[in-house]
Amino acid sequence: MKIIKEIKNIFKGINFIISCLPCIIISIIHAVLETNDYLHYSANVNNYMSESNVIYNPHWAIYSIYQLWIGNDQYTNLSTIMLYVFPIEIAIFCLMSCNSKKEKYISFKAQRFALYDYIVTFITSGLIVTIPLLFNFILLSLYVPVVLPDSVYNGYYCFFAKDFLANVYYTSPNLYVFIFLLLNFVLFGLIGCISVSIYKRVGKCKISMILPEAFLIILEYTKNIWSKFVFKSVEISPLSYLLPVKSHNTNWIVIIAELFICILIILLIVKVRKNEFKEN
Amino acid sequence: MNSKKISALIISILFVVYTIRVVTINKNFPLPKNEYYSIGDNVPIENNFFDTSDEKMNGYSLTVLDTTLMSMDEFNEKYVNIEDAHNKPYNYVYLVRILFKNTSNNMGNKAGIDLMQYILQESAYTNLVETSYFKYLNDFDTLKFALRENSEKEVVVPFRIITMNVDINQIKNGCPTLVVSLYPSKKIINLTSNNNIRGTANEF
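These protein sequence lines are chains C and S, in that order. Its first residue numbered 2, the first sequence is counted upward by one per residue in my numbering. Its first residue numbered 688, the second sequence is counted upward by one per residue in my numbering.
So that you can see chain S by itself, here it is in the shape it has in the complex:
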């Protein structure tokens, strides 16, 4: 056997060993499972959470009713004009109307929904709920709330889109999603199947 054949054999063996090793490392790795939903789907939160299982959202479920992308001017005109550094005509507000239900969680105030954790995601772009707008869109002002068992509540969740951080066309033409849990399952609601998401304001 000449040296070429020997080196080819060694390289083949190394390649096979490497492939087996990489497959083994990745095969049984406990990654969060992605679960996809659409607007209108009932999304049970079950035992999933964002950071720890202490969040105890089991028994809650939610349904995204619709979404609206509106310019800052439209938002100011329609709701409230908050004077701050990002209240510029080139910025946008993304409103997501969600119906929360508590079907079987009997832990009262010790458990519930924390909207501060909800994430608007579009490939590389992520954004958290805009706390300062929340109270003007809803009849209560806390982003952490619990519902009585067998009750439901409709909430409008605002995300302020600062165009310095993202190209607005990415939101308009892309596939924005709402992340409502991260682990053990990452629950993702696709927000694109809505006709209102092209820059026109929607009546709530």
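Same shape as in the complex, but just chain C:
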């Protein structure tokens, strides 16, 4: 109950709103651009249907919400920008919460509240990431119809049978979207926890908040080397596979392994910190 109360307070606080704001702005811009595109396409279809004697297949399945939402954004780079901004947002949120006297939920020295801090960080970091994604989906659904993707048009989607979760996408697209929202929630939640655990160990906010982001970016830019020699073209960078559109070459083993590594890092730092407390 205390955790729920604390999370409610965080929601009401200015730190959370400021942290969410950049990606919410990106998701609004994306929704506006895609809605414009969709309405333009829709008007064109209506025009050529009414003017010509020939009837055309309007290919509505290509312009479904599952294809146009920011997770499947193929044409603008807004989704990529968003994914790079997420860890920064989490870092800013944790940083502000560390330094703020009003919203100081991360107790630096209070060892007994450690688990409580991590749970609150996990949930809030996850929400900072999933809220803009969900918001984009909701905004688009106001204009774009929910059309089930059809694998007959898989050439347009660039999404084929052996790609990651392809069968789920073509049979239960809502579940597919939910899986990616959940993945984003869990992975960025853990990244937030890593930031906090480093902060609790090192005591320097800036370093602890920048480290996870730096690691993700390094992994993103060195992934080609890793993929070529170790992972045989499997997508290993979270900054890519957390977007459905870039996740086609990944697999569950990589994702679960990386989640496990994140948990391991947190546990390791917490254990080191505990030992230090005992020694003191």
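No wet-lab data here; the hints were simulated from the structure. There's no promise every hint is true.
As the list claims (entries may be wrong) - So the derived label-pair ranges between C-beta atoms look like this:
{"#": "1", "chain 1": "C", "residue 1": "N48", "chain 2": "S", "residue 2": "Y705", "range": "28 to 36 Å"}
{"#": "2", "chain 1": "C", "residue 1": "I262", "chain 2": "S", "residue 2": "F702", "range": "37 to 45 Å"}
{"#": "3", "chain 1": "S", "residue 1": "I700", "chain 2": "C", "residue 2": "I218", "range": "38 to 46 Å"}
{"#": "4", "chain 1": "C", "residue 1": "T81", "chain 2": "S", "residue 2": "D854", "range": "27 to 35 Å"}
{"#": "5", "chain 1": "S", "residue 1": "I855", "chain 2": "C", "residue 2": "V147", "range": "30 to 38 Å"}
{"#": "6", "chain 1": "S", "residue 1": "S725", "chain 2": "C", "residue 2": "L269", "range": "52 to 60 Å"}
{"#": "7", "chain 1": "S", "residue 1": "I855", "chain 2": "C", "residue 2": "S234", "range": "17 to 25 Å"}
{"#": "8", "chain 1": "S", "residue 1": "P776", "chain 2": "C", "residue 2": "K275", "range": "53 to 61 Å"}
{"#": "9", "chain 1": "C", "residue 1": "I18", "chain 2": "S", "residue 2": "D854", "range": "41 to 49 Å"}
{"#": "10", "chain 1": "C", "residue 1": "L176", "chain 2": "S", "residue 2": "T879", "range": "20 to 28 Å"}
{"#": "11", "chain 1": "C", "residue 1": "I264", "chain 2": "S", "residue 2": "T739", "range": "51 to 59 Å"}
{"#": "12", "chain 1": "S", "residue 1": "T711", "chain 2": "C", "residue 2": "N48", "range": "20 to 28 Å"}
Unchecked claim - Computed list of chain S residues with no C-beta within reach of chain C, every gap over 10 Å:
{"#": "13", "residue": "S699"}
{"#": "14", "residue": "P731"}
{"#": "15", "residue": "S791"}
{"#": "16", "residue": "G795"}
Glycine is no exception: its CB is placed at the ideal position from the N, C-alpha and C atoms.
Got chain C sorted already, so can you dock chain S onto it with the hints?
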């Protein structure tokens, strides 16, 4: 009224407005209608088409007689051994025997069947007709053909399954379908109710 009640009221109103909007957007949307058939059913193509109404297949109908899934080796042995990059023992060929009928289309060569457009579909997997095998299975080699009015023709349509693109168990144990038109109705023939679709070759 306290602030909690006001915010709850605002959220409820927003939710109702959102639901009405989403339902309105989706209610009258002109989606293609899916029509399902089985092996042995007579499937009239009517005014349906793949890309444009210029295809004019009205008056034609088809019946899937049976299907066969065979390994590449079986196919090579039984029909022809084409040396190409995908002629590997781990690949498969899926043969669909179809009876086409022209009952009332009198447009001659200006209309007809285009097998290039026919699609084998199994959830996320799709495949088009393998043109290079077609002539070895039929007594003619063009995938676009017209029939005289009130005539019929039996055709064997091959799909080459490259296992790099799909898990063969998905085809063997799944529910492969043949798509014979996309719009205004998507006509889908279920190909599973056939005993031969478990990897054994069938005599044509």
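Hints, one by one, checked against the model:
| no. | hint | in the structure |
| --- | --- | --- |
| 1 | N48/C with Y705/S: 28 to 36 Å | holds, 30 Å |
| 2 | I262/C with F702/S: 37 to 45 Å | holds, 40 Å |
| 3 | I700/S with I218/C: 38 to 46 Å | holds, 43 Å |
| 4 | T81/C with D854/S: 27 to 35 Å | holds, 31 Å |
| 5 | I855/S with V147/C: 30 to 38 Å | holds, 33 Å |
| 6 | S725/S with L269/C: 52 to 60 Å | holds, 59 Å |
| 7 | I855/S with S234/C: 17 to 25 Å | holds, 21 Å |
| 8 | P776/S with K275/C: 53 to 61 Å | holds, 58 Å |
| 9 | I18/C with D854/S: 41 to 49 Å | holds, 47 Å |
| 10 | L176/C with T879/S: 20 to 28 Å | holds, 24 Å |
| 11 | I264/C with T739/S: 51 to 59 Å | holds, 55 Å |
| 12 | T711/S with N48/C: 20 to 28 Å | holds, 22 Å |
| 13 | S699 | holds, 16 Å |
| 14 | P731 | holds, 18 Å |
| 15 | S791 | holds, 20 Å |
| 16 | G795 | holds, 20 Å |
Of the hints listed earlier, there is not a single one the structure fails to meet.
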